[in-house]
Structures are given as C-alpha cells and as structure tokens.
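Novice: Now for the letters of each chain:
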Amino acid sequence: MHRRVRRSVDGLAGLPAGQVALRGAVAGTGGLALLLAAAGQLLGAGLVALLGLPALLSAVLRPDGGGPAVVLGAAATAWAMRYGVAAPPLGATLALAALLYLHHLTAALGAAMPVDASIDPQLLLRWGAHAAGVLALTGLAATGLRLGGEPAASPVLEVAGLVGAVALAGLLVTLARTPRRPGPQLPADQQSAGQPPRQ
Amino acid sequence: MSESGPARAGWRPTGALARAVAATAGLLLAAVLLRREDLVLLATPIAVGAVLGLVGRPRRPPQLRLTVPRAAILEGAQLVPTVTVLADEPPDLVTVELAVPRWLVADGAPLARAVAVGAGEPLVVPFPLRSQRWGRRMVGPAALTGSAAYGLLRCGPYLSAPGLVTVWPLRAGFDAVDTVPRAEGLVGPHQSRRAGAGSDIAGVRPFAPGDRLRRINWRVSQRADRLHVTSTYSDRDAEVLLCLDSRHDIGDPPASSLDTAVRAAAAIAEHYLRHGDRVGLIDLGRVTARRVVAGNGRAHLVKLLDVLLDARGLGRQEVPDRSGGRLVLAELPRLAPRRALLIALTPLAGEAIFEALGLLGRTGSALVVVDTLPADVRPELPSEWSALAWRLWRLEREADIGRLGAAGVPVVPWLGAGSLDAVLHDVSQTARAPRLVR
Chain A
1 MHRRVRRSVD
11 GLAGLPAGQV
21 ALRGAVAGTG
31 GLALLLAAAG
41 QLLGAGLVAL
51 LGLPALLSAV
61 LRPDGGGPAV
71 VLGAAATAWA
81 MRYGVAAPPL
91 GATLALAALL
101 YLHHLTAALG
111 AAMPVDASID
121 PQLLLRWGAH
131 AAGVLALTGL
141 AATGLRLGGE
151 PAASPVLEVA
161 GLVGAVALAG
171 LLVTLARTPR
181 RPGPQLPADQ
191 QSAGQPPRQ
Chain B
200 MSESGPARAG
210 WRPTGALARA
220 VAATAGLLLA
230 AVLLRREDLV
240 LLATPIAVGA
250 VLGLVGRPRR
260 PPQLRLTVPR
270 AAILEGAQLV
280 PTVTVLADEP
290 PDLVTVELAV
300 PRWLVADGAP
310 LARAVAVGAG
320 EPLVVPFPLR
330 SQRWGRRMVG
340 PAALTGSAAY
350 GLLRCGPYLS
360 APGLVTVWPL
370 RAGFDAVDTV
380 PRAEGLVGPH
390 QSRRAGAGSD
400 IAGVRPFAPG
410 DRLRRINWRV
420 SQRADRLHVT
430 STYSDRDAEV
440 LLCLDSRHDI
450 GDPPASSLDT
460 AVRAAAAIAE
470 HYLRHGDRVG
480 LIDLGRVTAR
490 RVVAGNGRAH
500 LVKLLDVLLD
510 ARGLGRQEVP
520 DRSGGRLVLA
530 ELPRLAPRRA
540 LLIALTPLAG
550 EAIFEALGLL
560 GRTGSALVVV
570 DTLPADVRPE
580 LPSEWSALAW
590 RLWRLEREAD
600 IGRLGAAGVP
610 VVPWLGAGSL
620 DAVLHDVSQT
630 ARAPRLVR
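First to last, the sequence lines map onto chains A and B. At position 20 of the first sequence the residue is numbered 20 (this note's numbering), and the sequence of numbers has no breaks. Count along the second sequence from 1, add 199, and you get the number used in this note's numbering.
Looking at chain B on its own, in the form it has when it is part of the complex:
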C-alpha cells in the first residue's frame, strides 16, 4: 500500500566501528611499544570480526512496505497490518517498528521487531493490533533500520506512508417493540391510519370503483347480495431523526458521553433501517449542523456510521452554548421534520440544549431524549469548592430534566436493548391523540 522513502540513504558507520578501530589500533600500538604479543591476541578477534563483517557487507539498502487492511472493523476487533521487507543483499539485522495511534494497542506481539531477512525473499512481519474505540485512525508509519557488518554499519530509518483504519462503533443490540408514531412513508413495516394496500385488516365495506377484484370478500358478498371488499390499513415506513449532541464530551473515553451517544445512535439507526424505516442524522457539535438526510438501506447505514465517526467533542477553549452552538440548536426545530420521530442523544449539559428540546416539545414533535451522561462521571477537583459545585450542577440538571418531562418530553438513560420501549409506547399514544400546537 505505501512504499518506503529513505530518510537517510546508504550505509553509515556506527559507534561500534569507531570502537573496533580504536581498540584495534590502540592494542596493536601498545603491543609494539610494550613488546607484548598477548595484546596482539586481545586485538585479534575485534580486528578479524570487523574485517570479515565489512568485506561481506551489502551494497543495497532494504525496502519496506506497510499494508493496512482496508476493511472496517468494530470496536474491540483485531486487525493485522503487515510490513513487507525485501533485500537483495540482506543485512545482518533488520529492525521494523510500527507507530500506532491512541486507541489501537498491540495484541500479542511488540511493535518493534528485530528480524533476519533472506536474500531476495520478501519477509512479511505481522503486527496484530486491537481497537479500543471507534473512529478513524492512521496506522504507521512503519520504520525500517538495517545493520550490517555485525553492528558496524547502519542504514535508515526508512519510513513508509501511514494507512487509514476505520473502526465502527460497537452497536450493542437494540430493539424496540412498539410501532413508530406517524408512519407516513410510502411503504414500510408500520401500520398507518390511512386505508390502502397493506397487511392489517381495517374492515369490510361495499365495493367501490377502483377496488381490486382480489380484495372481494365472497363470504360477506354472498350474504349481502352485493359485492363487498376487505379494506386494509396501508403499510408505511416512518422517519426517525437522530440528533447527536457532540458539543460536550463528558467523562473518560472509551466510556464518555460521546462514546455512549455514538454507539446508541449507531444501534438505533441499524434497528430502524433493518425494519425498513428511514433514518436521518443531525450532528449538533458543529458551527453549522452536519446533517444526513433520511434514507434507508444498508448503504445508508454506512453513510450514517461514516458521519458518526467524525463526531468530536468541542475543546475547552470553545464555549458550545454561545454563538455557533446556539445557532445550531436554534435551527433544530426548523431542520426537524414535523412527522418524524426525533431521538436526541445528549448529556444534557448547558442551558441551550434544554431550551431547544423544550421548544421542540412545544411544537408537537414526537421527541425522545436519551441521556448519555455516564452515571459514574466525576469532575476534576481543582479546588475545595469543586465537589459542591458539581452537586449543585447535578441538582439543577435534575430539575431541568423534570421540567422537560412535565412539558411532555421524556428523558431516559441509555441502557441498550429495550431502553426506549416504554417511552416509545407513551410517545406513540401521545402522537395519535389530537393536540394543540402553539
């Protein structure tokens, strides 16, 4: 995948060569001056070893190539990049090192290997790694250093280009047994309130022009002396909009609020897409919201996961509740389709998100809020007042959550499969009831 470029070309002497020359010359000179042949013997192996090594040294440096598997992997899965080394005239020793980013760790083998290479035969050195967190990571570069004349000469390091690894979030099994409110699409797995072609029976009525002949209910028609047809509710798909609040990343990765939100978003998206519904996504952690228009199918799931991989918490220097952050949240009611089920994944930190969710709730949108704040998160304690300030913040947050609930916006923690069942049932019932929209 990526060829090597020499950082330092050619062979160059090492400190061991200087040591061999100095020791040989010094001992021989001392032998001559002191007339001691034993000093010649002391110098002999060092001199002979140096001569033999230098005479047989290679002329050409070795080459390396880093190959990183392109297939995306899941969190916790293993991937095995390989480094291929080729040398026409093999050096005595080749050292291969692989640089790996955070959240990729060596899995059973060290990241630096000293190996022996045969002449003309490519040597493939595997570097098994294990991913610890979702995201896009650059593996490499790989560095090759050669040693010749048994440590007296060195070449390299030669560096390869890095390779990209894509790690998808681990989607813990999510399932929702309730129907989605307001299924309004053309075809899909949900029963709508409208009559049309579908699988659920709505009743039996007299035949009208335009009815399909195969819908004729012969039993009822015989008794009534008039043609009757079986009417059904149309099967529709629904639109689900995931609102990812990536402005805040609270807690320690890989179990921070952003990690929970991304994994939950991926699991929910996969669930509804698998059932034939349409899923869209808005990432609120940008100055301008990054949005994926609702779609369906496996290719659309890949597109959603691709956007989720770019989710990043804003840095401490940025203040999400001012300027850009407020603009995005203020646009949320306009961006959210009226008939869609909105699922907001947020740690509920800051006033702006509560304002935006409250406004959405008042517009009559079917809205569910998933609380992604880790239960065991604790703040850093730079001062004696930090613990008290944290308690006050938690209490204020609880009060705001209560106010959201009172306004008809349910807030539930993310617990994996079945997290949203109860609240989705309530939201469906509420959505079917007529309501006044302010």
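If we strip away everything but chain A, and leave its shape as in the complex, we get:
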C-alpha cells in the first residue's frame, strides 16, 4: 500500500500544470467540505470527517475510484451529526452543497482523462460554466425553500418524499441508458508521397 501511494505521489511530480491544478481542486473542495462539515467538533462529527481524509487522498490520486464517494458520504454524515435535529444556517448549507458538488464534478473531470493529459482551456471554461449554472439553480432552490418555510410533519409527505427520492434515482439511471448509433464518417484523404530528404 505504501509503495503504491509512493508511486502515485512520484507520478504526480511529472504532471502537466492543468492536471496538478485539477487535482488540487479535488483536494481543496473535499478538504474544505470535510472541515466545514465537522467545524471544530473533535468527537462525533469530527471523527467521521477524519475518516474521510484517507478517502480524500485516494480521490486525488485516483478520482475514478471510490474515494470521492466516501468523501461525500463522510462530509454529509458529519454534517448531519453536527446539527442533529436543529436547522443549520442557510449560508453554511449552501457553501457545503457547493463544495460537495464541486468535489464531485472535479473528480468526474479527473476521471475522464489520463493523468498525463494536457487540458484545453476551452474545456475548463465549458465545465466551469456548467458548474456555475448548476450552483445558480441551487441558489434559486434554496430561495424557494426559504420562502416556502418548513413543512409540517405528515406521513403522506414523508412517503411522497421517499417515493420522490427513489423516482429521481430511477430517472437518472433511465437517462443514462442511451441507444447505440453509429458515429459520423470522416472523408478519406490522400497523403503525399515522399522522397528521401536531402542533407
């Protein structure tokens, strides 16, 4: 295990700058999310967040592994434990939501390419615009929830919530299924014949 980590760390030393920045973003967003979720609590939430640190290292070295999922789970669990049944501040909630989403997105981006690939800046702009749009919609949702107020306890509402959660998960799985279709055809081209070069 130690050798694998060492090899991975040595591999990081020769990476393009874009990859280093991307992995820094994975580490930064995950680390800040764990810190915010625990927020000074050494026991309980703090311990849970601490358990997320090895997963954070794994997320940086292998973003296509289970590390990012464990970081999300640890941060969410620590957050839930920290506040119990009390309502946390909206600002901190939105900040944690943004950090968790950015950790998830940067890990997905890191997993989509080889570790030694250079990154086109236009690519980062495209993904950044997508993240900004999603966070803006999240802000709108937060505003809607704040204006709507806390719903009263109701078994019907609870069942509806459970059904909604399952339905949303099912929707994502359904959307992920795509029919196979052939891609576009590239026209054939001719290459020029060569002669031995003159010195």
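Zero decoy hints are in this set.
Each pair of labels, with its calculated beta carbon distance range:
#, chain 1, residue 1, chain 2, residue 2, range
1, B, Leu273, A, Leu171, 57 to 65 Å
2, A, Gly133, B, Asp509, 57 to 65 Å
3, A, Asp116, B, His474, 44 to 52 Å
4, B, Pro327, A, Gly133, 34 to 42 Å
5, A, Ala17, B, Gly317, 18 to 26 Å
6, B, Leu233, A, Pro114, 34 to 42 Å
These are computed hints drawn from the structure, not numbers from a lab. Nothing here was measured: the structure is a model prediction, and the numbers come from that model. Note that CB positions come from ideal geometry on N, CA and C, so glycine has one too.
Got chain A; can you put chain B on it based on the hints?
Specialist: Frame of chain A, contents of chain B only:
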C-alpha cells in the same frame, strides 16, 4: 489515413454517475427521515447537474483518424502526425492519446490531450514528434475516449490503425579526395588506365583509322607533316561494394556499432553515387546474405537506404560465428566482384570476420575495413572477472587487427569526412601495382 474502429461502442455509465445517484438518493432519504431540508439542499446541485447533463447528452459517438506523413525524415528531424476528431453531437470532453514507439519522442506537446470539440467541425490535433534513431517505426494507434453528461457517461476507447514512419540514417558529410582504384565501368568520373574518350590527356600519337577528326592536333601535325591526334584516358566509373557486418550490435543505441556502420554506409554510398560511381551492398547479418547489386543514381541510393533500414543486430540467443554466420562470411569472396573497392563496416568482433577479411585480402581485392566499435563501449559487469576478460578481448582484437594490416588490409576507425582518404590513397597505389594472387 486510418479510420477508427470502436473497441467499445456506445455510451456507458461511469463511477461518477453511480456516485451521483447514490448521493442524491441517500441525501433525499436522510432528509425525509430526519426531516431536514438542508440535506435536500446538499443533494440539489448533484441532482440538477446530473439531470442537465444527461438530458443534453449526445447520441452518436465521435470518430477519429490518424494521419502520419509518408515522407521519410532524417534522424533528429521532426514529424507531425495528426489526429482528426469529428463529432456531430460533441461530447463534453474528448481525450486523444497517441502511442509512439521507442526512438520517437514527443517534441513540445504531450502525447495525451483533453480537448473540446465543436459540433460538425473536424478538430485536428497535432502531435509533434522527434526521431532519435534510423529505422522503420509504427506510430500509433491513436485512441479516442469521449465523456458526456459532464463525466457521467463515457464512450471508447476508439482505436485507429497505426502509420509507418521511415527515418533515414543521418549521413554526416563524407568526402574522399582520392580516385577509386580500378575504375572499370563504361563512363564515369575516374581516369582509367585504358585509352579512350575522356578528359585527361594521355599523349599525342600518329593518326590511325578510326580516330575522330576533332581529335587531330593541328599544331603537331603541321610540324610533323603527318596527321597526329591527341589521345586521352577513358573516363570510367568504379564499383564500390559496402559489406555491412550487422551480426553484432555492440554498445548502446543510438551510438552503437550498428548505428555507426549504418550511418557510415549511407554516407559513403551517397558520396560515390553522387560522383557517378556504382555502389552495391551486402548485409552480412543474415543467414543468407541480403545483397543489393551495384547500381547508380538517386533511385539506387533510396534502394540502398531501404536495405540499411532493415539492418538488425542478431539476438543474444543467436551465435553469429557458427552455422549461418560462417556460411555468409565464407561466401563473401565469391560474392565480392574482383575489380570493386570493398569497404567492410564491422566492429571486428569474433574470429569469423577476421578470417573472411584475411581471405579477401589474399585474393587481391582492394579492401578497406572501417572499424565501427564505439571507442567508449564498456561491457556489462556480471562478475569480478568481466573487466579482465574485456581487457583480454581488446588486446586479442588489437593483435588480430595488426595481423590484418600486415596482410595488406588497412583498418581505420570511422571519423566522418576524410576518414578514408589516407587509406584509399594507399589502396589505390597498391591496386595499380602488379601483384601475385594466390
């Protein structure tokens, strides 16, 4: 040049999608059970991002094509293969990777690139490479992987067919100022010993039937009251036979004995072909000798370089001095034309080559041996006796070289331009003198 074939067709979910589904479902369930709307907020961006990405996902995978320049290049030169990517419905991210063989290295740009592709517009991704050694290399395949729904879906890798790159040996400038002994061809740049049409004056003699009228020397004819003509030596071309000893490849590429031999052979061949002589080649590193019959012209130079590109040192499991190797060397005196200048390029390793060269020397052939053993080569040291064994081998080799020299076969190291001048002069003088052939 080579279209893509899908290794795995269609889009498939990634671990990020599983993570998004699990996180969304888990947080929403926890929100319902714990009655905490903040957990809904935590799940919202992940769920919204997934829905937006999946709704706008492409249906068709992208395509790629690898184009490798066909023109041959020299060692140290740059070539730029390109990968063209086309997508009607562009994914969020396309990764293109190019596999390159040994002795071709990336030159200023990495071999893996993550790029953004526009809809319907081919994107050309260049991969500048630099060659480090002569030979034929297969560049590629190129691999394309696409990512959609912002990392939640993936397609590929799609692979292209590889392309062939030809790298000619770098021919350091070679020049030989002396004439080639025994110029016996029909026309060429060298003065032969025979009278005939040419540019060098042999003398003035009385007119004989058959002499051309424009050869009449009027000044001498007036004084002698009889027609006299100016006679000339005929201009002939010469035949040069290069004997490449590729049985042993000693030292570290790209400066091993085989590298030196190939570059030297290419330089010498180009020099003599440029001067109008005929050049042939025998590669001794085969069970049956690979031979190129002497010819001239630029097309012939290409043929010679093409054979040189296939030169390979024999593996450690093969013993060049036995069986096949000895057969080839034993045939060398029969294969070598008697009137040709023989230039053997060899690291002079093993008994068989010394025997063959000694035999050639005794047959009266005009022979020059170019020593291609790198000066700084050192053996691997698997045991405490290796250094001593190496010294003994070098001393024995020096003694064998001395015996060759005593038998009239000069051995010179390859030093580029002018390497063979002194020895060619001596060989020319020796070739003109009458000798007894055993």
